[in-house]
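Q: Each chain, written out:
There are 2 protein chains.
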Amino acid sequence: MPETITPQPVRRRMAPEDRRRALIETGFELLGARHYQEIEIEDIAKMAGVSTGLLYHYFPSKRDFYVTVVREASHTLLQRTKPDPKLPRRARLEAVMSAYVDYLQEHPAGFAAVHRGAIGADPEVRAIVEDYSRVQIGRLLKDLGLKPGEQPVLELVVRGWLAFVIETSLRWIDERQLTPDELRELFVDAATALFRTALSRGSQR
Amino acid sequence: MPETITPQPVRRRMAPEDRRRALIETGFELLGARHYQEIEIEDIAKMAGVSTGLLYHYFPSKRDFYVTVVREASHTLLQRTKPDPKLPRRARLEAVMSAYVDYLQEHPAGFAAVHRGAIGADPEVRAIVEDYSRVQIGRLLKDLGLKPGEQPVLELVVRGWLAFVIETSLRWIDERQLTPDELRELFVDAATALFRTALSRGSQR
Chain A
52 MPETITPQPV RRRMAPEDRR RALIETGFEL LGARHYQEIE IEDIAKMAGV
102 STGLLYHYFP SKRDFYVTVV REASHTLLQR TKPDPKLPRR ARLEAVMSAY
152 VDYLQEHPAG FAAVHRGAIG ADPEVRAIVE DYSRVQIGRL LKDLGLKPGE
202 QPVLELVVRG WLAFVIETSL RWIDERQLTP DELRELFVDA ATALFRTALS
252 RGSQR
Chain B
52 MPETITPQPV RRRMAPEDRR RALIETGFEL LGARHYQEIE IEDIAKMAGV
102 STGLLYHYFP SKRDFYVTVV REASHTLLQR TKPDPKLPRR ARLEAVMSAY
152 VDYLQEHPAG FAAVHRGAIG ADPEVRAIVE DYSRVQIGRL LKDLGLKPGE
202 QPVLELVVRG WLAFVIETSL RWIDERQLTP DELRELFVDA ATALFRTALS
252 RGSQR
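So the protein lines, in turn, are chains A and B.
Numbered per our numbering, the first sequence spans residues 52 to 256.
Numbered per our numbering, the second sequence spans residues 52 to 256.
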């Protein structure tokens, strides 16, 4: 519980869960704009229009807050990129990557903060990123009619493709060498080309 | 200068530059075996058979030591993967990736330590990794008859391919899904497939 409630910019009254979510969104934007090390918990409170005490009530430390922001960002991206089983395979991947590129356009700085994050070596952050990859890889394998462990080489290549996507996304955020549609096509074409390479070599293993 | 020279296991007498190099090699092996946070500068000294004072003489802090180890590792890998201009293009890339896979086999733990390093967000470490990427990308572009900046989309894809190679290397170190020869072929095939995708889309931009 907060010990003192200091005067603060009055915002509309929110339910605790909404307030928590608003704080996380603020944190996501702030992390995109500044380095983790430069951010003070007071800045987050000020930007969200709540007292530092209240922020500590929800998040005991800056690290807790950061980990929560990363977890929520990962969760949101997974929700938005859920494959639609009714679509044929290529259209399905196109729809997924289209949702992904939309997300990149809406939250370029937040995406970069999560993936270039200064505490990226933090075990909890790693676990979140690893979970994210595992879900995405599981979806892609399912799309190809495979179970995890059935095609180790293809899984290796799918992981590599995810790294390709993240790295090119980070560069694209800074340089915008392609239109969003072209970026989506590049991701889909790269997946097709790489998975074909893997399947031609890995099917006997 | 070391303040005290404590008794130590006697090793053969070495010139300062050789001793420095031996210390870096020890550090590289140690970083492969243990997490950065768990390593004490005393462990490195003990393993290398020198006094802590002498180690501090070469490296003022654990972080300095780590940064030097990463820089040397990056330098070694760049040296070993220098393309041979006398070879035709595909054979040249094969030779480069062959040298790269040889290196992975010799130093799996050290490679993983550099790329999963706990202080990977350290600005100096980032700069080293970024320099490494820039050199490798420059070489690949040169191989394709291009200068940096001439083909932004291809450069984006080359960067993505490097991320693909690093991620699959890290997984391969743990899981060995492929023989070393197959891994090298996968890298070369992936490069060919991805660069073709980029060239077909980026040539007008």
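One or more of the hints may lead you astray.
[As the list claims (entries may be wrong)] Not everything, but these chain A residues come out facing chain B in the computed CB check (under 7 Å):
| no. | residue |
| --- | --- |
| 1 | 83 |
| 2 | 85 |
| 3 | 207 |
| 4 | 218 |
| 5 | 241 |
| 6 | 245 |
| 7 | 246 |
If you are wondering where the hints come from, they were derived from the structure by calculation, not from laboratory data.
Treat the numbers as computed from the prediction; the structure is a model and nothing was measured.
The beta carbon of each residue, even a glycine, is placed where N, CA and C say it ideally should be.
Q: All hints, please: hold or fail.
A: Quick rundown of the hints versus the structure:
1. Because the closest C-beta pair between residue 83 of chain A and chain B is about 16 Å apart, greater than 7 Å, the hint is violated.
2. Using the Cβ-Cβ criterion of 7 Å, the hint placing residue 85 of chain A at the interface with chain B is not satisfied: the shortest such distance is roughly 14 Å.
3. Interface restraint check for residue 207 of chain A: the shortest CB-CB distance to chain B comes to about 5 Å, inside 7 Å, so the restraint holds.
4. For residue 218 of chain A, the interface hint holds, the least distance from its beta-carbon to any beta-carbon of chain B being 3 Å, beneath 7 Å.
5. Interface hint status for residue 241 of chain A: upheld, as the beta-carbon distance to the closest one in chain B is roughly 6 Å, under 7 Å.
6. Because the closest C-beta pair between residue 245 of chain A and chain B is about 6 Å apart, less than 7 Å, the hint holds.
7. A hinted interface residue such as residue 246 of chain A counts as satisfied when its beta carbon comes closer than 7 Å to some beta carbon of chain B; here the least separation is about 10 Å, so the hint is violated.
The structure shown violates the earlier hints numbered 1, 2, 7.
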